[in-house]
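Visitor: Listed below are the residues making up each chain.
Protein chains: 2
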Amino acid sequence: MHKRENVSMSVVRRLPRYYRFLHHLKVTGVTRISSTELSKKLGLTASQIRQDLNCFGGFGQQGYGYMVGQLCDEICKILGLSSGYKTILLGAGNLGRAIANHMSFQAEGFQLIGVFDNSPDKIGTTIGGLTVSDVSGLEDFCKERLPIMAVLCVSRSAAEQLAKILYDLGIRNFWNFSHYDIYLKYPDTTVENVHLNDSLMTLCYRISNNSISAKKEEKPEQQISD
Amino acid sequence: MHKRENVSMSVVRRLPRYYRFLHHLKVTGVTRISSTELSKKLGLTASQIRQDLNCFGGFGQQGYGYMVGQLCDEICKILGLSSGYKTILLGAGNLGRAIANHMSFQAEGFQLIGVFDNSPDKIGTTIGGLTVSDVSGLEDFCKERLPIMAVLCVSRSAAEQLAKILYDLGIRNFWNFSHYDIYLKYPDTTVENVHLNDSLMTLCYRISNNSISAKKEEKPEQQISD
DNA sequence: TAGATTGTTAATCGATTAACAATC
DNA sequence: TAGATTGTTAATCGATTAACAATC
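From first to last, the protein sequence lines are chains S and R.
Numbers in my numbering are just positions in the first sequence, counted from 1, shifted up by 1144.
Numbers in my numbering are just positions in the second sequence, counted from 1, shifted up by 1144.
Keep in mind that a hint or two might mislead.
If several chains are the same, the list does not tell them apart, and a pair holds so long as it fits within one copy or across any two.
Below, simulated DSBU-like cross-link-like pairs (lysine-lysine); rule was C-alpha separation at most 30 Å, straight line [stated by the list, open to error]:
(1) Lys1184 - Lys1287
(2) Lys1170 - Lys1329
(3) Lys1287 - Lys1308
(4) Lys1184 - Lys1329
(5) Lys1170 - Lys1308
(6) Lys1170 - Lys1266
(7) Lys1185 - Lys1230
(8) Lys1230 - Lys1184
(9) Lys1266 - Lys1287
(10) Lys1170 - Lys1230
(11) Lys1184 - Lys1170
(12) Lys1185 - Lys1329
(13) Lys1287 - Lys1170
(14) Lys1308 - Lys1184
(15) Lys1230 - Lys1266
(16) Lys1221 - Lys1185
(17) Lys1308 - Lys1185
(18) Lys1308 - Lys1230
(19) Lys1266 - Lys1184
(20) Lys1287 - Lys1329
If you are wondering where the hints come from, they were derived from the structure by calculation, not from laboratory data.
Given only the sequences and the hints, what does the whole structure look like? Please build it.
Guide: This is how it looks when you write it as structure tokens:
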């Protein structure tokens, strides 16, 4: 694992797909794969795959290809999937519940250690194996447990308030499902936004303007389950 | 509204943000805005905004800027947000519930007309104002009501089975939250994938490799609530 | 009119693809 | 060895940014 500098987000966003696909192959018992085979299954070019992987190191062998297990492990390391970053989730609505379950059964580098809400309906219920706490206990909790990441499954206005509190408590990483733009206010944070509305509106555009051009622009976003 | 050919996905994916932001301005009572002002608020260049908008028409006035209300309406039309495409949702788990509520209060071009699940726990419950039906009634329902879009909030294997059924029933548009790759099998479909796992793994990478380069690559993805 | 800001063309930048020497 | 496939450099393509004439 050499280089690792100036890796563009275009490359980084393809890594999870590589990982997932390789993991699937590994489980299936495939031990070896060439960039060409991989490219066909992923709908990318072999060239791109080799370029991408070589941002991180030379994991293949000329004339042979890549060892599936080894490459999968390398990407796992690159992504930092065994980091177990301590994480809290704010907002125990349907989305929060879905995310909490999702995160608990997908060991993807994070460890959910607390869930908070301000609604009496939700406080005390269990989600993702954790009891929902009153948001009034957030500060003490953070000072004691020192989470480094927060998932925001709350409204825009709640997100705005919470971002300030969490930032002041030292949290710099956010998985943000709200419309509030954390990054604008706090440029030294790492924010991954999930904008469901945008995705849906984009789909609406694509359906409404169902021209060949619109369709062919979109790369097939292939996925393999893990 | 002229041109509308060869509009790249890069442009299309920015439209929802423009729309949301302009809508917010409109509500706030702002009537006029220049590309420069807009660019500052969105973290884009003025040039890019003008380029993007001019894919669809010349909506501005030299020396003046853009009329917020008019531009907002135009983008609304471009996106097709009043289409009310008849939509069904498959999978009434937490994610399905969250999505159903989301879609019902966001009039974003779709009209949810049915929700299906195969679990006796869920059948008969209400989500997003609709009663969850047994998936055994899916075929009859589709033949009668003719939905054109399906939201898949189910597991990979269920998605694989359902995609076939839905495709055979004539559905060609999917909002896909599963890992199953519909587009690979059915290339004449329009699929918008939401890959929560990928998003989370990308965040894990960014935290693990928290270099300046990794951070600056990512454009601030600013959002404004609507 | 003068100032401002668009629409659009040209220049730059970055990402993808092609090609091929290195080498297993 | 011969065949295959990588790692990497060069060429191409597309998207973003800069510049400026048009014009409100």
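Visitor: All hints are to be evaluated individually against the structure, with a verdict given for each.
Guide: Consistency of the hints with the structure:
1. Lys1184 - Lys1287: Answer is neither: 49 Å inside a copy and 36 Å across each miss the 30 Å cutoff.
2. Lys1170 - Lys1329: This pair counts as between: shortest inter-copy Cα distance 22 Å, intra-copy 43 Å.
3. Lys1287 - Lys1308: within (15 Å within a copy, 51 Å between copies)
4. Lys1184 - Lys1329: Answer is between: at 13 Å across copies they meet the 30 Å cutoff, but 42 Å inside does not.
5. Lys1170 - Lys1308: Between copies only: 27 Å across, 43 Å inside.
6. Lys1170 - Lys1266: neither (40 Å within a copy, 35 Å between copies)
7. Lys1185 - Lys1230: neither (35 Å within a copy, 32 Å between copies)
8. Lys1230 - Lys1184: neither (37 Å within a copy, 34 Å between copies)
9. Lys1266 - Lys1287: within (23 Å within a copy, 40 Å between copies)
10. Lys1170 - Lys1230: within (28 Å within a copy, 40 Å between copies)
11. Lys1184 - Lys1170: within (17 Å within a copy, 47 Å between copies)
12. Lys1185 - Lys1329: between (41 Å within a copy, 11 Å between copies)
13. Lys1287 - Lys1170: neither (41 Å within a copy, 41 Å between copies)
14. Lys1308 - Lys1184: between (46 Å within a copy, 22 Å between copies)
15. Lys1230 - Lys1266: within (22 Å within a copy, 33 Å between copies)
16. Lys1221 - Lys1185: Within. Shortest intra-copy distance 23 Å satisfies the 30 Å Cα cut-off; inter-copy 37 Å does not.
17. Lys1308 - Lys1185: For Lys1308 and Lys1185, the Cα distance is within 30 Å only across copies (20 Å; inside one copy 44 Å).
18. Lys1308 - Lys1230: Within one copy, since 19 Å is at most 30 Å while 40 Å is not.
19. Lys1266 - Lys1184: neither (47 Å within a copy, 39 Å between copies)
20. Lys1287 - Lys1329: Result: close within a single copy only, 23 Å intra versus 50 Å inter.
Comparing the model with each numbered hint stated earlier shows that hints 1, 6, 7, 8, 13, 19 do not hold.
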